[in-house]
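Q: The listed protein sequences derive, respectively, from chains H and Z.
Just so we're aligned, residue 1002 is where the first sequence starts under my numbering, counting upward by one.
Just so we're aligned, residue 4 is where the second sequence starts under my numbering, counting upward by one.
The set of hints was computed from the structure by calculation and includes no laboratory data.
A portion of the hints provided could be inaccurate.
To be verified - Calculated Cβ distances over 10 Å to all of chain Z for the following chain H residues:
#, residue
1, M1002
2, Y1096
3, T1102
4, E1105
5, F1109
6, E1112
7, D1115
8, I1173
9, N1193
10, G1194
11, M1218
12, L1228
13, H1235
To be verified - Heads up, simulated DMTMM-like pairs for lysine to aspartate or glutamate below, C-alpha to C-alpha not over 25 Å straight-line:
#, chain 1, residue 1, chain 2, residue 2
14, H, K1025, Z, E7
15, H, K1118, Z, E101
16, Z, K12, H, E1127
17, H, K1079, Z, E7
Note that CB positions come from ideal geometry on N, CA and C, so glycine has one too.
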Amino acid sequence: MIRINKLSKSYGSENHGGAQNSRKVEAVKNLTLNIPKGELFCFLGPNGAGKTTTIKMLTGLLRPSSGSILINGIDPEKDHISSKRIIGYIPDMPYLYERLTTTEFFEFTGELYDIHKESIIEKLEESFALFGLLEYKNVLVKDLSHGLRQRLIYSTTFLHDPEILFIDEPLIGLDPYTIRLIKDLLKEKAENGMTIFLTTHILALAEDIAHRIGIIMRGELIETGTLSELYEKHGKNNLEDIFLSLTGK
Amino acid sequence: MSIEKALFKKIKYSFFNLGRILSIQSRLKVFFILCSTIGLIAVMWLMFYSGFRYFDTMSGFGNIIINKLFTFFFLGMGVMLVFSSIITSYSTIFRSEEIPFLLVRPVGYNQITLYKFFESTLLSSWAFVFIILPYVGAYATYNEMSVLFAIWTLIFSIPFLIICSAFGSIFIIIFVRFTPKSKKFFFFLIAVIVCLLIVTFLLNPTSDTDKAMEVFDVSAILPGLNFASNPMLPSFWASEGIMALTHGQIFRGGMFWLLLMLTATSLLVLINDIGGLLFYNTWLLTMEGGQNNKRAPILFKWLDKLLFFLSHDIKAMIKKDVRIFFRDPVQWSQVLIFFGLIGLYFINIRNFHYHSIDAMWRNMIAFLNVFCLSMVLSSLGSRFIYPQLSLEGQGFWVIGLSPTSMKRIVLTKFFSSLFAMIIISVTLILISSFMLNVEKEVLIITVALIVSVSIAICGLSTGLGAIFIDLKQRNPAAIVSGFGGTLNLILSLCFIIVSIVPIGLILHLKTVSKITSQTAENLLMFTGLWLIIIILSSSILPLSVGIKSLNKNKGM
């Protein structure tokens, strides 16, 4: 599970000339959130609301200005290696090694997690078959289309069976077939106990797969709840209306 | 399998896949690159060998220089490697897109630092192989040494490269981690450097030649030779060790090799520890810098007024390029280091007493300075001017779709880089000539030469950059190391050789009275004509082909 307590992130520093001259930008303010094991949590918010900053802090790519994070009881600040062993992260623009073939990239990722070679080979067949990558086994990453690259990154991220998965905008540039595949896979993984924290702009995706939804606005968490709780609380029966009324757009 | 093994296996895969990528390239292209590389090494070998033969004709003085040159060569290489490592380490360790990928995986900060250090060492030192090979080859041929000399050189070079690269990497990690990020500090640093340069300049005697210095003093003419023999320097251990083993002194050679290995290993341990302690925080600092601006940036607001005479599209492109350049510390710091070092050397010419030696030598040094500055210009042309069109990348459509022509885009890039290059290069050559006290004739020729080299390098780099444009690649190092980048560097070097050598030779022959003044004047006129022809062919030709190529590939 993920425990976030009073998490804040600010850039720059306060000047002495008062608020007018302040160069401090608070990207995330006092975020407190608990995501239990097996929950699929969708983090929604307009552009620049602080979604990516939050996910980067949770994965260790940004250091919080204050507050604490616990990943399955592990403080990533104190033991980053142990926390990284149990997480998976799919950024919106993932980095891939252009000069490796898909198989080599898969093997390399497995070796970073110290997975046994036989196990890697076994999982490669299974995962490549699932993501339709079998015919691209010997193709260099640089020659893959955007959609195929996304499939490859999903395939390698699931290789070490992460207990917690962070995904930033999971459906960018994917075809309808892959979108369905990813949605079904995320639901199945959550059912099997994987905790999933994803950010998205696609409200339909949140409506479709989220167990719980959080809405962030100017760095502050302004709403959380299940879809039915949100419908009931706001007296509306679609997420779009709730989102627009909350974010004031 | 350990993390280290996985990372090095990845490098191995990437290396072997390079062959796969090359195999689908045009054979003519691969053949051309191979021939050019072999040709370049052969020409450099010939130059070094001729140099040794020339020193040989000077009997005693020449022999002293030749004996010390090998040690001096390693010192020079070492200094260049440290600076090269400083530049490469910053982009490899802190700016690599691979870092976030590794940071979210169970890889230790020390492991990332060490892995990136090796990558940086490889990137910063491979080009030096092209200098080491012909130099060592020429030295061995001249001294009629055995093949073992080459083997010892290779064995000693590896720890030596690691030591030099480690100094650069350690410096940059500590510098980035502990240097305050405020603009005030940056301007303070610049002010200190400028003050130091002014003080150095003022302390140098600029008066008439000191007659007493006309006595031939080896250590005064080449002071670096003595310094290179300092037993505390790793370059000395490398050169002495190679020589000792070549002459059969196994224990002495072995001792120097162990000394190098011990130092290299200690530095690796230090990098590992520094990485574990400082890498993550330093990387975060580099990532978080610049996200704190609430105010509208005012960088070069005055440029608008300064460029009032230009049309709106050209003005917009120049403003954009200037802003991007100065907002990227990697770019301006590299330029600052290159030109700063060469400027420092020119300002210190009088400390080496070069101004008080014979006119023949002063002329030779003046041309060597032009050659040296031209080399720096060619590497900067390849590093900054060649990839500038490709680096427009995904944003190229903004320019491509705007109501301007490809011709205007390319010519704007050409003239703006030429303007910047000429200001810097002419200033540096004027300093060099003033410090050397050269004759008016030499001053005019060296300025003309450096202007010609600037035009040719800007023309070649912009033109070839347009012909071999690669909008998908975001890494400048990868753009530069491609076929177009290599061709650009080779052609720039060829231009430098065919433009500087003939004029330098004529002036030298005139100074040593091998030809009359009248003959020299006639030859210089012909050479001037030759210079005009090669400037035109190396600027107008690639520029026009580049423009045509861009127009043809508009749909990229």
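Q: Look at each hint and say if it fits the structure.
A: Verification of the hints:
no., hint, in the structure
1, M1002, "19 Å, holds"
2, Y1096, "4 Å, violated"
3, T1102, "7 Å, violated"
4, E1105, "5 Å, violated"
5, F1109, "5 Å, violated"
6, E1112, "3 Å, violated"
7, D1115, "7 Å, violated"
8, I1173, "15 Å, holds"
9, N1193, "22 Å, holds"
10, G1194, "20 Å, holds"
11, M1218, "19 Å, holds"
12, L1228, "29 Å, holds"
13, H1235, "33 Å, holds"
14, H:K1025 x Z:E7, "40 Å, violated"
15, H:K1118 x Z:E101, "23 Å, holds"
16, Z:K12 x H:E1127, "23 Å, holds"
17, H:K1079 x Z:E7, "22 Å, holds"
Going down the numbered hints, you'll see the structure goes against 2, 3, 4, 5, 6, 7 and 14, while the others check out.
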